[in-house]
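A.B. asks: Going down the list, the protein sequences come from chains A and B.
For the first sequence, this note's numbering begins at 702 and goes up steadily by one.
For the second sequence, this note's numbering begins at 4 and goes up steadily by one.
Since the hints were derived computationally from the structure, they do not count as laboratory data.
Heads up, some of the hints might be wrong.
Claimed, not checked - So, partial list: chain B residues that the calculated Cβ filter (under 7 Å) puts toward chain A: (1) T84; (2) T243; (3) R249.
What the hints assert, rightly or not - Straight-line distance between alpha carbons at most 16 Å, and here's what the computed EDC-like set of lysine to aspartate or glutamate pairs gives: (4) B:K304 <-> B:D274; (5) B:K339 <-> B:D305; (6) B:K323 <-> B:D305; (7) A:K888 <-> B:D274; (8) A:K858 <-> A:E826; (9) A:K888 <-> A:D904; (10) A:K858 <-> A:E878; (11) A:K703 <-> A:D747; (12) A:K921 <-> A:E808; (13) B:K295 <-> B:E375; (14) A:K921 <-> A:D904; (15) A:K722 <-> B:E253; (16) B:K339 <-> A:D882; (17) A:K921 <-> A:E869; (18) A:K888 <-> B:D305; (19) B:K304 <-> B:E375; (20) A:K858 <-> A:D886; (21) A:K888 <-> B:E272; (22) A:K848 <-> A:D837; (23) A:K840 <-> A:E861; (24) A:K711 <-> B:D240; (25) B:K339 <-> A:D837; (26) A:K902 <-> A:E869; (27) A:K765 <-> A:E797; (28) A:K848 <-> A:E826; (29) A:K848 <-> A:D786; (30) B:K295 <-> A:D786; (31) B:K81 <-> B:D42; (32) A:K858 <-> B:D42; (33) A:K848 <-> A:D906; (34) A:K888 <-> B:E355; (35) B:K368 <-> B:D329; (36) B:K295 <-> B:D240; (37) B:K339 <-> A:E808; (38) B:K295 <-> A:E797; (39) B:K295 <-> B:D193.
Here the structure is a predicted model, which is why all the values come from computation and not from measurement.
Heads up, the beta-carbon is just placed ideally off N, CA and C, and yes, glycines get one too.
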Amino acid sequence: MKLLLVEDDKATAEFIIQGLKEQGHTTDHAANGLDGLMMAQDGHYDVLILDRMLPRLDGLTLLKTLRDAEDHTPAIILSAMGSIDDRVTGLGAGAEDYLVKPFAFAELYARICSLARRPPIRQIETILRVGDLQMDLIKRQVTRAGKTIDLQPTEFKLLEFLLRHRGEVVTRTMLLEGVWDFHFDPKTNIVETHISRLRGKVDKDFPTSLIQTVRGAGYKIDVSA
Amino acid sequence: MSLPRIFRSATFRFAGLYLLFFTISVGLLAVFLFFHVRDSLEDDARNQISNEFNLLLFEFHEDGLDELLEETEERIEKNSTPNRLLYMVQSPSGRVIFDRIDPVSPPYGWQYITSGRSALFYFEELSNGYVLGVGKDLAALTTAERAIQNVFLWGAVVVLLIGALGGFLLSRRLLAIVDAITRTAKSISDGHLNERIPLQNTGDEFDELGKTLNQMLDRIELLVANIRQVSTGIAHDLRTPLARLRGRLETMRQNPSLPADDVDSAIAEVDAILQTFAALLRLAELETGTLKAGFGSVALKDLVEQMVEAYGPIAEDSGKQLVLEDARSVSIAGDKNLLQQLLANLLENALEHGGSTVQVSLQLKGKTAYLEVADNGPGIPAEARSQVIKPFQKGETSHGTGLGLALVVAIVQLHGGTLELVDNHPGLLCRATFPIFEV
């Protein structure tokens with residue numbers, strides 16, 4: 702992946718660039734909004750990572766300028782401001798995702814990967830598959846190796862989210878946002894509890910496990926290597 | 004603007020009261036005028052009668068009774084208008100000639116005659132025993148009186164009609180001004196802090212009031228903006244270094260020579276600080292009330308069901324029961340995310356501190372929705388209940404930030420509702436109420 706990071710805080714930028722490098726990605730870096738805008742317009746990036754508060758040109762204006770020029774490179778906004786208002790204006794400016802500082806690198810990385818993979822035109826899928834697991838979105842039916850699995854509505858939604866991101870790491874926060882529409886951090890382990898229930902139904906009676914835990918990051922559904 | 008509302012307005016009541024006083028004063032004027040006119044008309048009549056009487060008496064003294072009778076007859080013939088003076092002569096035997104009226108008896112002098120016709124007479128006995136009377140028909144006087152009565156009666160009707168119309172117009176004008184102020188205030192309390200009272204630029208006292216209120220609103224908006232700027236500043240200046248710290252710790256986590264558990268617990272500590280921060284900033288954001296601007300219609304029943312479904316397995320895993328007792332279909336104006344957080348905090352509290360069963364219910368009574376989360380645990384002593392809802396006050400067994408219930412209260416208040424903690428015999432019952440708006 703080719704990425705552009707626009708971030709004025711040196712330590713944060715280094716932390717992100719280092720992390721991405723370890724994952725094998727090259728990252729261009731701009732330390733202010735104006736440089737960032739010029740680089741974004743010149744280069745062809747897979748994902749833009751924009752800090753919200755930037756010298757010379759703030760992240761939201763930068764993004765709006767790009768979107769006005771029909772540049773639809775997926776963008777994720779990083780912000781130290783976590784209020785509801787900020788998130789709404791951030792997404793309103795054309796960002797695909799919004800992450801409040803500080804964040805675990807794994808969180809950012811999972812979201813970047815998800816954005817980079819987002820197909821340009823989302824085709825309408827009616828059947829999601831991974832390995833011998835199959836989810837029919839119209840009949841709302843899940844089968845594994847031909848056996849029907851009964852799921853609660855929430856479990857169904859959780860599995861659907863995992864399947865739509867098959868092969869990608871999804872973090873706890875991504876699941877909270879995507880499945881439960883929670884934009885706050887609950888004290889209890891909602892995600893862990895529901896994942897464990899889902900595993901009990903999807904993986905327990907089968908020789909291979911599809912739902913995998915990615916240590917320090919989140920979960921992934923995939924045919925085990 | 005509905006008509007009944009105008010009649011209820013203070014201005015209309017003032018206008019009505021003014022109209023009442025005005026009508027009373029006009030009425031008093033009418034009475035005064037009536038008596039004055041009547042008196043002066045009567046005075047005129049008396050003068051006329053006196054003069055005529057004296058002339059005829061003179062004739063009698065000069066030339067005797069025959070000449071008096073002749074003269075009188077002449078006068079009656081000469082003036083045949085209905086408004087002419089009336090004459091009578093009464094013989095000592097009681098016979099009345101000329102204008103026939105009932106015979107009179109002493110004492111003579113001024114008398115009102117009412118039998119047959121209504122007239123004012125002056126009688127006097129002549130030296131030969133005859134009685135001479137001169138009078139004037141009062142019909143003219145009565146006509147004048149009636150005319151005055153009519154003028155004032157119709158005048159009163161017109162005054163009342165014009166006054167009511169004036170009161171109506173005045174009320175409407177003032178109501179429009181007051182309504183504009185009310186609308187602005189309502190809009191501001193709904194979070195639109197940039198609203199201002201429209202001014203007419205007439206320089207009158209309403210404009211003055213509007214200007215003063217607008218200045219106050221400018222000041223409030225500035226203060227709120229300051230609060231927000233300070234929060235954003237705190238968020239940025241403190242969260243950024245914490246973000247760096249967290250980043251460093253994460254990098255250290257990769258280093259195999261460092262004890263992973265220690266680093267992990269350091270990261271957890273940083274996360275706990277950040278969580279408290281997030282809660283504090285959220286609390287500040289809630290208290291400015293500006294989030295109301297983003298309110299939409301929220302189906303509470305769906306939300307409650309969703310939350311109970313999310314927390315059900317957590318309850319089961321810890322050997323507890325989470326039951327949705329009763330859920331009515333209720334929609335309120337609100338922020339879905341905040342309401343989720345509210346219920347999450349209540350459920351987490353109940354599951355952490357409560358007993359074996361947590362019951363959730365959503366009821367509708369009149370125009371209020373009641374959302375209740377009840378447990379059968381140890382509860383909170385009555386005297387401590389008002390304390391736990393304050394920021395940083397928490398029960399002795401709590402591991403939270405101490406902001407959970409404070410956030411709940413702030414969220415409920417933002418939605419125009421109330422939060423009550425009551426005894427569940429045994430346990431604690433948290434009751435949040437929300438006003439329902441017709442959507």
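A.B. asks: Decide, hint by hint, whether the structure agrees.
C.D. replies: Status of each hint after checking the structure:
1. Given the 7 Å rule on beta carbons, the hint for T84 of chain B is violated: about 95 Å separates it from the nearest Cβ of chain A.
2. The criterion of a C-beta within 7 Å of any C-beta in chain A is met by T243 of chain B, whose closest approach is roughly 6 Å, and the hint holds.
3. With 7 Å as the threshold, the beta carbon of R249 of chain B comes within range of chain A, its nearest partner Cβ sitting at about 4 Å, so the hint holds.
4. Between K304 of chain B and D274 of chain B, the direct Cα distance comes to roughly 33 Å. Violation of the 16 Å bound is thereby established for this hinted pair.
5. Proposed proximity of K339 of chain B and D305 of chain B is supported: the alpha carbons are some 11 Å apart, at most 16 Å.
6. Between K323 of chain B and D305 of chain B the alpha-carbon distance is near 23 Å, which puts this suggested pair outside the 16 Å criterion.
7. Restraint check for K888 of chain A and D274 of chain B: satisfied, since their Cα atoms lie roughly 12 Å apart, inside the 16 Å limit.
8. Under the criterion of a C-alpha separation no larger than 16 Å, the hint pairing K858 of chain A with E826 of chain A is consistent with the structure, at around 15 Å.
9. Between the alpha carbons of K888 of chain A and D904 of chain A the distance comes to roughly 27 Å, so the proposed pair goes past 16 Å and is violated.
10. Of the supplied pair hints, the one linking K858 of chain A and E878 of chain A holds, its CA atoms being roughly 12 Å apart against a limit of 16 Å.
11. Simply put, K703 of chain A and D747 of chain A have alpha-carbon atoms about 6 Å apart, close enough for the 16 Å limit, and the pair holds.
12. In summary, the hint linking K921 of chain A to E808 of chain A is supported, as the alpha carbons are separated by about 13 Å, within the 16 Å threshold.
13. With a C-alpha separation of about 23 Å, the suggested pair K295 of chain B and E375 of chain B falls outside the 16 Å cut-off, and the hint is violated.
14. About 13 Å separates the Cα atoms of K921 of chain A and D904 of chain A, which keeps this hinted pair within 16 Å; it holds.
15. Restraint check: the Cα-Cα separation between K722 of chain A and E253 of chain B comes to about 15 Å, which is no more than 16 Å; the hinted pair holds.
16. Taking the CA atoms of K339 of chain B and D882 of chain A, the gap is about 9 Å. The hint holds against a cut of 16 Å.
17. Restraint check for K921 of chain A and E869 of chain A: the C-alpha separation of about 6 Å stays at or below 16 Å, so the hint holds.
18. Taking the CA atoms of K888 of chain A and D305 of chain B, the gap is near 22 Å; set against the 16 Å cutoff, the hint is violated.
19. Proximity of K304 of chain B to E375 of chain B is assessed by CA-CA distance (about 12 Å); at most 16 Å being required, the pair is judged to hold.
20. Between K858 of chain A and D886 of chain A the CA atoms are separated by roughly 19 Å; this puts the pair beyond 16 Å, and the hint is violated.
21. Restraint check for K888 of chain A and E272 of chain B: satisfied, since their Cα atoms lie roughly 14 Å apart, inside the 16 Å limit.
22. A C-alpha spacing of about 13 Å is found between K848 of chain A and D837 of chain A, which places the hinted pair at or below 16 Å, so the restraint holds.
23. A hinted pair counts as satisfied when its Cα atoms are at most 16 Å apart, and K840 of chain A with E861 of chain A qualifies at roughly 13 Å.
24. Simply put, K711 of chain A and D240 of chain B have alpha-carbon atoms about 14 Å apart, close enough for the 16 Å limit, and the pair holds.
25. Proximity of K339 of chain B to D837 of chain A is assessed by CA-CA distance (about 29 Å); at most 16 Å being required, the pair is judged violated.
26. Proposed proximity of K902 of chain A and E869 of chain A is contradicted: the alpha carbons are some 21 Å apart, above 16 Å.
27. With a CA separation close to 12 Å, the supplied pair K765 of chain A and E797 of chain A stays within the 16 Å bound.
28. Restraint check for K848 of chain A and E826 of chain A: not satisfied, since their Cα atoms lie roughly 21 Å apart, outside the 16 Å limit.
29. Restraint check: the Cα-Cα separation between K848 of chain A and D786 of chain A comes to about 46 Å, which exceeds 16 Å; the hinted pair is violated.
30. Taken as a hint, the K295 of chain B and D786 of chain A pair is honoured in the structure, with Cα atoms around 11 Å apart against an allowance of 16 Å.
31. Only pairs whose Cα atoms come within 16 Å are accepted, and K81 of chain B paired with D42 of chain B is rejected, the gap being roughly 29 Å.
32. A hinted pair counts as satisfied when its Cα atoms are at most 16 Å apart, and K858 of chain A with D42 of chain B does not qualify at roughly 101 Å.
33. Under the criterion of a C-alpha separation no larger than 16 Å, the hint pairing K848 of chain A with D906 of chain A is consistent with the structure, at around 11 Å.
34. At most 16 Å may separate the alpha-carbon atoms for a hinted pair to count; K888 of chain A and E355 of chain B meet this at roughly 10 Å.
35. Proposed proximity of K368 of chain B and D329 of chain B is supported: the alpha carbons are some 13 Å apart, at most 16 Å.
36. At most 16 Å may separate the alpha-carbon atoms for a hinted pair to count; K295 of chain B and D240 of chain B exceed this at roughly 27 Å.
37. For the hint linking K339 of chain B to E808 of chain A, the alpha-carbon distance of about 24 Å lies beyond 16 Å, and the restraint is violated.
38. As the CA atoms of K295 of chain B and E797 of chain A are separated by approximately 25 Å, the hinted pair breaks the 16 Å bound.
39. Of the supplied pair hints, the one linking K295 of chain B and D193 of chain B holds, its CA atoms being roughly 5 Å apart against a limit of 16 Å.
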